[in-house]
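Novice: In order, the protein sequence lines correspond to chains A and B.
Going by our numbering, the residue at position 8 of the first sequence is 8; the numbering climbs one at a time, nothing skipped.
Going by our numbering, the residue at position 94 of the second sequence is 94; the numbering climbs one at a time, nothing skipped.
Honestly, the hints are just simulated from the structure, not real lab data.
Yeah, the Cβ is synthetic: ideal placement off N, Cα and C, and Gly gets one too.
Just so you know, not all the hints are guaranteed correct.
As the list claims (entries may be wrong) - So the derived label-pair ranges between C-beta atoms look like this:
id, chain 1, residue 1, chain 2, residue 2, range
1, A, TYR268, B, MET266, 25 to 33 Å
2, B, LYS10, A, LYS35, 57 to 65 Å
3, B, GLU72, A, LYS35, 20 to 28 Å
As the list claims (entries may be wrong) - With a Cα cut of at most 27 Å, we get these calculated DSSO-like pairs of lysine-lysine:
id, chain 1, residue 1, chain 2, residue 2
4, A, LYS250, B, LYS286
5, A, LYS217, A, LYS191
6, B, LYS100, A, LYS250
7, A, LYS97, B, LYS100
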Amino acid sequence: MTGNLYQPIHSEVVDIIDESPTIKSFVVAPEREFKFETGQFVELTLPGEGEAPFTPSSSPKQTEQMEITIMKAGRVTALLHECKKGQKVGIRGPYGKGYPVDDFVGKEVYIVGGGVGLAPIRSLFLTLVDRVKDFKSVVCRFGAKTPDDFIYKKALFGPWQKIDGVDMKLTVDEAKGNWDSHVGVVTTILKPDDVNVANAVAIVCGPPIMMKFATSKLLEFGFGFEQIYLSMEKNMSCGVGKCGHCMIGKYYVCKDGPVFRYDQIKDYPNIWD
Amino acid sequence: MQTVFISKLKPFLDAVAAQMDLYVPKSSGAHYVYGRYDPAAETDVEFNNIRMCTPVKEFLFPLRELAAVFPEPLEPEEIEPFAVFGLKECDLRSIEILDKVFLEAEFEDPLYIARRQKMFIISSDCFEPGESCFCNVLGGQPFARAGFDLNVSQVEDGFVIEAGSQKGEDFVQKHSELFTDVSDGALVERDQNRAEAQKQLEQNNAQFKLDAPVKDVVGPSYDSDVYDQEAQSCVECQACTRVCPTCHCFYLYDTKQKDYFGKMKMWDSCMRLTYAEVAGGANPRKALGDRLRHRLMHKFSYFLDRYDIDMCVGCGRCVDAEAGGVDIRVVLKKLNEELKDKGRKKAEAKK
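Pulled out of the complex, with its shape left as it was, chain B reads as follows (with noise of 0.2 Å):
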């Protein structure tokens, strides 16, 4: 795949937004979320440090959409390309996750198809990790190894852009005018930069740092007294999964319009207390404890046994989000030393 360089994003982005739609990064309070690009008013492109706010299932998974019609079935939305520019590794993973999901087979999910055939996804390197996020202790690093059509790196005099897929290569062969060739200077610059911000989420990180695999962290959890400990500082706000790139749990829910009835697909929470619950009122999962054991053993169990991926990415966006108390890097360390006393134990008891 080719890899070329680019000295202003502007001339990139233009010729991006010719063809499609396009999100790109804007600064909201300390936070990054999408927004629409209009090549005719933007002068300054932001290049944002670390992922959006906003997670990028929002563009595969909507909050809300119509599900199916009746009594007339659903003519497909017609799903126009569109490109989002400032994906990070972690949001890839995220699509690599969800898509285990929506594009199983003999279960594949329409509506989740027709907006992943029609991204273009430009990603780009983290060069500041944010205080919350955490990829590297679940084996994420900062810049993509994969999952991108192009991706950017920002480098002293500009940015180097790299094709993943056939989508991106075709890109840079129909726009190569704009493009000039990478010197060797701005990739080892490049692989510096990385290898600094590699180094910046240890350094943050190092006290998050799991003895085992999180799955055999998480695994064996169930019985742990944690989850119930833990829990007590959660006020139910539900916006760990709502935030969540990976949480994909949704409501079926049916609304009567003017000339027809509609099938609504909405984001569901499992942290919410009658998420479970069954008409007749039984509900096995009424503690919040049971609810947030639930949420993780998912995440990094269940999931793992049924796709061979778990279900978390490290991106931190559920410990800015959060209302209460609940940090999931501080459960996972927890639940770890508590295997590691557990281990410790069943060590003296064989002396």
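Next comes chain A alone, as it looks inside the complex (with noise of 0.2 Å):
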């Protein structure tokens, strides 16, 4: 037996990132080193007050400290957004399956994110980019209500844009300042020829609506169900398919996600709800 799977790791929040309005990124140091794999969740407690599940945005290579990126949206998340410097906090996990990036290696990789769902796909390019030269390309499609609502905004209006490799555009619903690129919902950026569909696979996060077109979108230019990869928000309370919360038919998203192939998933109802 492997100790009390319900009890977190000690962990205090040793910095903290305003990344919009709504946004923020925490950067936690658990007591102990804390490995993971891209993709992958945790439980982020904040003692006396609650739990909430989030994909940590830092690169797996990055076990000392974990950043998770966190938009408010709830009793839990508007508490965490007040929360200082030093705060002490709990993780457990990591929880689940993330992304199988080695069956990506040879491919090309599509990434289409929208909002606070660049929190898990900001893992995902850091880990992709380290090795960037096992995929064919790595083909980046993001937006924004605003140019004000992207997080990383540092990394992505400048060093992610230059990078070999990678081929990065990005869009907001609404234009403000001096924004002077694309003006339109993400699956508006979105084109047959970004990527050649039959040695491709496409990651999409972002929220639910948003994955909901972009996966039609993605069907369209000829993907496979099978080709498709969808991170799954769902209510992930206990972490080990147990507590039943987060079920989507069969699966567990905690434990068989929240990475899910849209194979897997696609004839369950309401999956986007």
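Combine both chains into one complex, guided by the hints.
Specialist: Structural data, given as structure tokens:
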């Protein structure tokens, strides 16, 4: 037996980065080395207040600290946004199955992300660019409501655009300030010739409505169900496939996901709700 | 394993109670509930004809318990050995099902294990199945096959006691002075009683018999309208999931105490509206019919896929507890009829 699976590891918030008006990244240092695979998630406890699931946005190579990007969406996340450096928190995990990066070797990796969905994608992106030569290409299409709503602005508007082997385009629903790039929801910058579909995989992460439309666009381009990887957001509570809250059909998102191939879940209704 | 005889229950239960806390069935209205056995006060011990109203999961997975403590880790609660008398075959099957979840390799639940290891199980035969009992529809029967430490069968002159585990065997050995050899007559009588109870179950549930294994009835029913129709009489009381001995959904929440923070684990119900809702407000099962479908598909299809056993023992507790009008036997039968109709139409189309 491996101890109490409900007991979080003591951790501390060592830095907080304002990403957008509603999103902050918390740099969390667990008291011992913490390993995870990109796309896996953790349960973050604010002691006495509550616990919520998040996919770390940092590279899995970083095992002493992890970054967790959090949008203010409910009670616990609102309280987390009030926290200051030095806040004691708890971490359980890592849980579930992440992105099968090794299966992407030799392929074009087509990443579609929106809003706070860029959080898990950042971890994946850092993992991919670390060994970028292993992939045919890394093609990113990211969207946000306004330029201000993009998270990881510094990297996104600068160095990430200049990496060899990475093709990145950004769009906003509504232009503000000196935005001179594309305007329109993220599906409007997805083009059939972005990648060679026959040798590509697609990764989609973002708000449910965006994932729904991005997926149907990918299917239009000829992507097979099994070529599309989705990060599902459900109510993961226990993290170990017991409590039942996160079930989609027969799957426990916490244990069988959170990353699913579309063919696994496509026949269940309401997956986007 | 040994089978022995005793003419009265009290000396037997006193011997158990001398070793550990013992819970026994006590009448409460039309039902039985568990109560602590007090050797000094009890004169007449009740022998429950059917399962008690309270599900056995209460002993292994309490309604609410402390799951973790912050900042100091939780010292595992010292669980003392305890015994429960009057569990039925359906209860034992429900333990088998819960074991799959909470003893799963790599994801063992230490809180469950602590209680499970200390539980001494004394089952007994059902001699008069209740109106809502339908274990036979799902492959069950009115007497225990396995999973008990001791099993008690009532016969005319006393009780036949069978050991089903090393722990049970040791108990019989240790208290050999209480027991006598079992006569062939008593064994014949026990088997007759069992057959009689089985017959009664078959009669009671003739109208609910399914034409195919339950997984084949429920598995393909995803698009069935039966769920929405049946859900119309559901009042969302969630009693079905609370009394269900196999339902094991729970909810983790955090509390502030005077000198520590606690993470609590509490029963939850998939029939609750916001059960699957996320912070952003999305909820894949807003409609009651969707929740009823999920509950049944989980029991008879998803769980089976994962653990190779279905998640209903046919105890009928949900039928008794239901405040609305949903009867799981009726839902299954309607799905069965729908499947037959589909089959018939297919066959006709072929012609």
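Novice: Each hint should be assessed against the structure and marked as holding or not.
Specialist: Results of checking the hints against the structure:
| no. | hint | in the structure |
| --- | --- | --- |
| 1 | A/TYR268 <-> B/MET266: 25 to 33 Å | 27 Å, holds |
| 2 | B/LYS10 <-> A/LYS35: 57 to 65 Å | 59 Å, holds |
| 3 | B/GLU72 <-> A/LYS35: 20 to 28 Å | 25 Å, holds |
| 4 | A/LYS250 <-> B/LYS286 | 18 Å, holds |
| 5 | A/LYS217 <-> A/LYS191 | 9 Å, holds |
| 6 | B/LYS100 <-> A/LYS250 | 16 Å, holds |
| 7 | A/LYS97 <-> B/LYS100 | 21 Å, holds |
Comparing the model with each numbered hint stated earlier shows that all of them hold.
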